[in-house]
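Use these hints to put chain B onto chain A, whose structure you have.
These protein sequence lines are chains A and B, in that order. With the working numbering, letter number 67 in the first sequence gets 67, and the count goes up by one each step, no holes. Heads up, the working numbering is the position in the second sequence plus 1000, with the first residue counted as 1.
Any given hint could turn out to be false.
What the hints assert, rightly or not - Short derived list, chain B residues pointing at chain A, Cβ under 7 Å: (1) S1466; (2) T1469; (3) D1482.
Said to hold, decoys possible - Just a sample of chain B residues kept apart from chain A, beta carbon distances all over 12 Å, derived: (4) L1284; (5) R1343; (6) H1373; (7) P1433.
Hints listed in this document are in silico derivations from the structure and should not be mistaken for laboratory results. Everything numeric in this text was worked out from a predicted model, so none of it was measured. Note that beta-carbon positions come from the ideal geometry of N, C-alpha and C, so glycine has one too.
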Amino acid sequence: MTRPAHPGTIVYVDGATQQEVRRLPVEEVPESMRFRATARGLVPVVKVVAIEDGNQRSLLEYGPDGEFLFSTLQRKR
Amino acid sequence: MGDVGPVRPLSPASKKFDAEALRESLEDVDVQGLLQKLAGEQGPPRAETQVVLELLSKKSKDELQAAKDALAADPAGFLNMQGPAAADAATRLLAKFVAPNGWAAAKRTAKQRPPELQQAQLEQLAKRAGEKEFLPDSVEAKLVEKEYLQCITPEERQQLTTARQPPAPSEREALENSPNFKALDAATQQRVREVLSRNAGNPRVLRAIAGLLGSEGFSRLDAADRKKALGTLLRNPADPAFARDVRALVDSPALAQATPAVRTQLMETLGALSKDAPGRRAILELVRQAGFGKLSAAEQGRLLNYLGGTNPEISAPARALFLRTVGPQGVGQSPERQAAELRKFIAEQSSAEEVLSPPRGTFTRKHAEYQVHRPPEEVKDYPFPSGKAAALKYDVEVNGRHVAVYMPKTPGSPKDNYHSIEQVAKGLASIPPQSLALVTKVSVDPKRNPEDAHWAKEYHDPHFSSYMTCGADGAVTIYPTDVAQKQEDLDGALIHETGHALSMSRWGNSATDKRWDAWKKAIISDGISASKYAKNSPDEDFAETLKMYFIVKGTPQEAEMRRLMPERFRLIDALLAEKKP
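Looking at chain A on its own, in the form it has when it is part of the complex (with noise of 0.2 Å):
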């Protein structure tokens, strides 16, 4: 898959107050998080909104124009 221009950062948020936390330029970044497939092809990933609860946190990964790209659901080990 061709991969388009990335805006050059991701925008990481904390969900329980939507606010911004903190923001990455996309090279510190692993390139393999740096884009999601899509139907219609890699689609960068320019914000992470993180929900984290007790024993669970849920990450939510979406496109330049909001679009959901990716979650992750992770457990404390």
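Relative to chain A, chain B alone:
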């Protein structure tokens, strides 16, 4: 004996006694710990003892046998349970769990005790047998009673016999001649007569009905409400505690002041909790608050829906919290303050579960037909997210839809736990067809998610690891875990994660897309959330509510949940009714 841990001491006389809280605090305590808790009690019969015994009854046979062996190996430790409470606890344990020889064992135990404790033990046994608290109608109960009758004095036996004698015919006649009975319509009178005839040998039933009909509150009710009150009592007329609670509700000013709809709801709620004494206590405490009367009928109805359900996900923990919150002084000093606190209570829903955990067997009878087509195809270098590895490609068919599932040919680590192909197939058969239509493939990765390292660095916490990922392309990946995950966990996680893809496919971005407006309005209108997690965002609210929808679907709790979240259940109904997934 095991360490019970930080169990909150509770006094039986305290109005703050909270069975739910005690149950929660003791949930993970082992058999030995529960025995120790029983031994520490100060004078049964007590509600706390009932909770501990209830928890004991849920332990496996192996656990109980291990505890019995431990007790047998250390009789001195067993006998060192001092005091009548301990004697009672030990006896009940033996009688209940080591039946049918429990009584003999209990007597042997009693004979080894100092005389004053023997006496105390026998007194407790007498009380138990007299109150028929020993597993009514069970073989054990009969054995216990038979043995008990042999060891009490003739006077005690006479007292017991008298207490159990069926009511004299005059009592029934008096009831049927009472003005309140005669005021009942013919059908209700006939129903009462049938109940009395069926329970001719049980004086409690007749006395419960007579007590209700003779109560002040009952006289104030109109004909329709009298019928409802009686209908409530007849759900469990042989339980004196329930009969007392029904009378308490009927006599309460709150019932008299409520609208007809709320009156009906109050009586139905109490009836639904006919076998749940702590649950009823919460409802009676609620109506005891003068502030309850200050709420609108809609608010009262919502509180009753919230607190009065039989569902373990929302209502049971809400009642436990309510009973902890309400004290002898009520939830506030003035009726207005109480009303404000009640509104706050339902708005905050502090008792909600962090994340919905489906109970064991939740989806067992609900999943669609599925088939795992065999043999699997071997794929040499399948690109799992953790790297290329040999995989077995299975074709899983659910309702005619085929999904490719890639299982690792060799697990990455013998210490890790992996879901089987059967579990994954069952999981796929548990999710709604609209979500399944979005799933393009499932991979069970042999290794941990390499992305965990990035998340650990970003969130300064290395203790989280991925269980499942789901992409907008419909690719689901399931990762190995330290602890084996149950089928319910997998099903629930699949419903939740693919739910994100489903909501995105239908309504787009929750932050900006207007197609989310109906859901957002429904969140406000319903006012109740499926879990604390759901409160984080509309996306999570949808995913958790969808999970709740499938947890309760087809159960008696479905109607309760529809009353709690009517708008969102309606929207999910509409979504799932779409003909083209």
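- Going back to the hint list, which numbers does this structure go against? Those not satisfied: there are none.
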